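Sequences are here, hints too, so could you generate the full structure?
2 is the number of the first residue of the sequence shown in the working numbering; add one for each residue after it.
Just so you know, these hints were derived from the structure itself, not from any lab. A quick note: this is a predicted structure, and the numbers were derived from the prediction, not measured. Careful, some of the hints might be misleading.
Label-pair restraints from in silico Cβ distances [stated by the list, open to error]:
no.: 1; residue 1: K368; residue 2: G140; range: 29 to 35 Å
no.: 2; residue 1: E296; residue 2: D137; range: 52 to 58 Å
no.: 3; residue 1: M331; residue 2: E210; range: 45 to 51 Å
no.: 4; residue 1: V126; residue 2: R86; range: 27 to 33 Å
no.: 5; residue 1: A304; residue 2: A65; range: 28 to 34 Å
no.: 6; residue 1: T217; residue 2: G162; range: 21 to 27 Å
Below 25 Å or equal to it, Euclidean Cα-Cα: the simulated BS3-like pairs (lysine-lysine) are [as the list claims (entries may be wrong)]:
no.: 7; residue 1: K56; residue 2: K39
no.: 8; residue 1: K267; residue 2: K244
no.: 9; residue 1: K193; residue 2: K173
no.: 10; residue 1: K244; residue 2: K144
no.: 11; residue 1: K38; residue 2: K15
no.: 12; residue 1: K193; residue 2: K144
no.: 13; residue 1: K368; residue 2: K388
no.: 14; residue 1: K345; residue 2: K388
Backbone N, C-alpha and C define an ideal beta-carbon position, used for all residues, glycine too.
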Amino acid sequence: MQVSVEATEGLERKLTVAIPAEQIDTEVNSRLASSAKKIRLDGFRPGKVPRKVVKQRFGDSIRAEVLSELANQSFQKAVMQEELRPVGQPSIVPTNNVEGENFEFVATFEVYPEVVLADCAAISVEKLTSEITDNDVQGMIDKLLDQQSTWTVVERAAANGDQLNIDFAGTKDGEAFEGGSAEGTELELGSKRMIEGFEAGLEGAKAGEEVVLNLTFPDDYHAEDLKGAAVVFTVTVNTVSEKTLPEMNAEFFAKFEVEGDLDDFKSNVKDNMTRQLADAVERHTKQQVMDGLFENNKVDLPAAMIAEEVVALRQQSLTQFGAAAENFDMSLLPDTLFEEQARKRVALGVILSQAVEHFEVKPDREKLMTFIDELAASYDDPEEVKKHYMGDETRMQQVQLML
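Following this line, the structure appears as structure tokens:
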């Protein structure tokens, strides 16, 4: 097998390979002989079809099959021989496919970039220090109480913090506008879900009353035709409900798998918050390291790796739509939406791969697999995601550095 390598542009390589005609003929003849024993043709006894007839009928397809297999095998041997690390699938184009002559082809592909790590001492990392205070704990308990609260219909005027069930219709210049009307909407006063003045304008209203609100949309509103627009909302209040917080007793504590009294519950909340804070600080520190590595190490990136990462990021985005993802309009998620993030992730993968090798980082295999399982669990096809990571050394090293 004759091999030559040409560096064209950037990371692209052209590999020219010549497979000896004798090797091809030997394999083709072997398969023709094997086929002759199995093929059944009208006019011939089983296993007695002349080789000439077999070649006339099936020779071209058998030769094509042999050439395809030998080309793939030869490519793998050639890149090992030349110590190349190809990225993605090569484009293989035959340049000589004459029977009886050497089969020649050119494989075009990208190679894995070489990285010389910059001095890590140049990376500046801010170490955050913080602690959970009693006020933080009480704030979290207040949130937990609010999450477990219930609503009770009352016969009184609405106040801030109450929940109203309302029907409303909005008009602009006397005409209804898109998204300006709804029926049976639950609205908590003070939640700031609606534009400024809407919720405050309903304070003091009672069930059965109609309230007219003259309001103005903010200048930075997302709908172009409503930016800064003067509108009128006619609101009918159906019910007024007040919030009732649960008692902090054993039943309430049990919902959070805590046994004991209030002090035990507070201790549990503080422990959880302390752990979450430590995780957040660690993530912040790691992110600074990642950003520093990315900024200090400029890497040529294979287009194939970026394209593959774009596909992975798009699939990750689709998971948030659940069952609706099946009929999602993919034109709303173009490649350009993910390319910048894909470039950074690929670059960091390459840099981290080199860092793993340079610093001789040894992974905790069990911890690594647990992390991949947790990562894959958020996707529609967890097994496919596991293969995506476990089937590529670079991705595995990238995950390893995330731990």
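Outcome of the hint check:
Distance hint check for K368 and G140: the Cβ-Cβ separation is about 33 Å, which falls inside the suggested range of 29 to 35 Å. As the Cβ distance of E296 to D137 is approximately 34 Å, the hint placing it in 52 to 58 Å is violated. Distance hint check: the CB atoms of M331 and E210 are about 48 Å apart, consistent with the given range 45 to 51 Å. As the Cβ distance of V126 to R86 is approximately 31 Å, the hint placing it in 27 to 33 Å holds.
With their beta carbons about 29 Å apart, A304 and A65 fall inside the hinted range of 28 to 34 Å. Taking 21 to 27 Å as the suggested C-beta distance range, the pair T217 and G162 conforms, at roughly 25 Å. With a CA separation close to 14 Å, the supplied pair K56 and K39 stays within the 25 Å bound. Using a Cα cut-off of 25 Å, the hinted pair K267 and K244 holds, with the two alpha carbons roughly 23 Å apart.
Straight-line distance between C-alpha atoms of K193 and K173 comes to about 21 Å, which keeps the hinted pair within the 25 Å bound. Pair hint K244 plus K144 holds up; C-alpha atoms about 13 Å apart against a cutoff of 25 Å. Between K38 and K15 the CA atoms are separated by roughly 41 Å; this puts the pair beyond 25 Å, and the hint is violated. For the hint pairing K193 with K144, the CA-to-CA distance comes to about 17 Å; that is within 25 Å, so the pair holds.
Between K368 and K388, the direct Cα distance comes to roughly 17 Å. Compliance with the 25 Å bound is thereby established for this hinted pair. About 22 Å separates the Cα atoms of K345 and K388, which keeps this hinted pair within 25 Å; it holds.
This entry does not satisfy hints 2 and 11, going by the numbered hints stated previously.
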